[in-house]
Amino acid sequence: MAETYLSPLWISLKTVLTATAITFFLGIAAARWMARYQGKFRNLIDGIFILPLVLPPTVVGLGLLLLFGIHGPLGKLLLLFGASVVFSWPATVIAAAVVAFPLMYMTACGAFEQVEINIENAARTLGASEWRIFWSVTLPLALPGVAAGAILSLARSLGEFGATLMLAGSIPGRTTTIPIAIYFAVEAGDNHQTIMLVLIVLAVAFGLLAALAYWKRRATNTGNIPLVPQDID
Amino acid sequence: MLEVRIRKNLPGFNLDVAFAVNQEILAVIGPSGSGKTMTMLCIAGLIPPDEGYIKLNSKVLYDSDSDINLPPQQRRVGFVFQNYALFPHLTVRDNIAFGIRHLSRQDVEEKVGQLLDKMHIQELGHRYPRQLSAGQQQRVALGRALAPEPDVLLMDEPFSALDTHVKERLERELLNLQQFYQGNILFVTHDLSEGYKLSSKIAVYESGRILQCESKQQVIAAPANRTVARLTGVRNLIAGSVAEIEGSSVWVAVPGLGGRLRVAARDAAQPAIGQQVTVGIRAEYVQVADHPDENTFPGKVSQAVEGVSSINYCFRLQGDTAAGYDLEASLSKSEAPPISSGQSCYLRLPPDRLCIIRD
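Each protein sequence line maps, in turn, to chains C and A.
Numbering-wise, the first sequence is residues 1 to 233 according to my numbering.
Numbering-wise, the second sequence is residues 1 to 359 according to my numbering.
Think of the hints as simulated: they come from the structure by calculation, not from any bench.
Incorrect hints may have been included.
[What the hints assert, rightly or not] With a straight-line Cα cutoff of 25 Å, these simulated SDA-like cross-link-like pairs (lysine to any residue) come out:
no.	chain 1	residue 1	chain 2	residue 2
1	A	Lys197	A	Ser241
2	A	Lys55	C	Glu130
3	C	Lys40	A	Pro48
4	A	Lys118	A	Asp151
5	A	Lys300	A	Gln343
6	C	Lys216	A	Lys216
7	A	Lys111	A	Ala134
8	A	Lys111	C	Lys40
9	C	Lys14	C	Gly75
10	C	Lys40	A	Asp50
11	C	Lys14	C	Ser129
12	A	Lys111	C	Ser129
13	A	Lys59	C	Asn121
14	A	Lys216	A	Lys300
15	A	Lys167	C	Arg132
Just so you know, these numbers come straight off a predicted model, no measurement behind them.
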């Protein structure tokens, strides 16, 4: 009995963690790149990055299906290696990552913009390479914002339904995530299953809200450094 | 030796400056938005100029003709930002050690210790920037910039955010800095007295150009033009024409004052007879006399503003032709008794305190 609601939980956790790890790095990389890129396609690229947030998830799912289907460009490419992602577990990850990406990207952009340019410039005059500046100055200073972005995108990918159903379908034990399981449980009138899944989702949601509150406080507090009375010079 | 010759088009004005400093302290003064900070950023390599040439000691940092543009990391330029730009997530020690990571752990420890000593912040090593006062942050910023032993130290309005008493102490410390930092120092300021105290040379900026770049004594004694005179605080600028030259004395006919002024010319290059010039005198150099004499004009106090140690007067000159002419004088309270508003007296413009400005 427990198997029926533990399986979607397990699949969701794997999907969400993998998707968040991917969006985390891709979002930071994209935000970092956009901070430097001043070309004429800036607004267009920015728009494309944010598009999955604006489009209905079913449309995103349809787009992914066209892209990864056996006639799609990426689908054909994967087929050369004997792989197919449609209606498989990786499809849930792709759908969740694509839909959650804009949140990570936008939050990271904002977080990097908050880092004062002169602090990075000071590091430059002190001889630090751009790589070192990013890892030891920019990222630590932007971390509260970046972490908040990661939590937001994690929450978004946990709730992902439309694009996942389009691309991954609902194969119990393989692609049935919690939101999809809830939908089919309600449709089948399985109250017990529905309640168990909803309780699980609620628990995770409150955990995420607590984490978000913590990082928001960090962001406004610039670290948990105690403020001591200032000495008079 | 730092040689700078750069041009850069900016919204509102074009920066076009050239100067050189050789192991000295250069104060860059001028109104805000005149390109002072931009010059610093160009020297540090944080913003590229459009064209020009920057050479530090034997190293060319930037040369548009041969496409040389060293990144800031390779320029060995120390920079103290106006808001200090300390790393907020690092302790004071780690801030200072940031630029000397290539040294061994032991050397870093030693060097950071020395700098904490020199900056008088020994006990603050483990604090974070936000736990420090503005003056302490300033010291950390200076220590951090000096740690990698830069070839030139650039400071952008280093004292603008400080209280007067802290500022004065830090100014004295900066003068002592020369004992252990033998490099060029450039600092931006909009405070002439601060610039004069700390520098050996002053560059006066306006609208992206350097109007004068000479020893501080020269800039104050002989402003290159009216704008420099105005920017360096010469309150009295009197238009006239050269009437007579005899030895080192130059007589300038001043129709506005209805007479002639004798100026004891300092420099060898004397003006030509008949040339239109401006005679300038700082308010502090105007004297009050009780009887007519050379370079003396009758006047009446029209306004008096009492300061802490001196009183600033605005005199309206009297007489047939000089009527309506205003002169400003700043008289030390300890030397001259206060003059009440409306009272008449004579104003003397000492010949050796006057400067001739050829525009």
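Here is how each hint holds up against the structure:
no.	hint	verdict
1	Lys197/A x Ser241/A	34 Å, violated
2	Lys55/A x Glu130/C	24 Å, holds
3	Lys40/C x Pro48/A	21 Å, holds
4	Lys118/A x Asp151/A	19 Å, holds
5	Lys300/A x Gln343/A	5 Å, holds
6	Lys216/C x Lys216/A	52 Å, violated
7	Lys111/A x Ala134/A	23 Å, holds
8	Lys111/A x Lys40/C	47 Å, violated
9	Lys14/C x Gly75/C	23 Å, holds
10	Lys40/C x Asp50/A	22 Å, holds
11	Lys14/C x Ser129/C	36 Å, violated
12	Lys111/A x Ser129/C	22 Å, holds
13	Lys59/A x Asn121/C	21 Å, holds
14	Lys216/A x Lys300/A	34 Å, violated
15	Lys167/A x Arg132/C	34 Å, violated
In summary, the numbered hints that this structure violates are 1, 6, 8, 11, 14 and 15.
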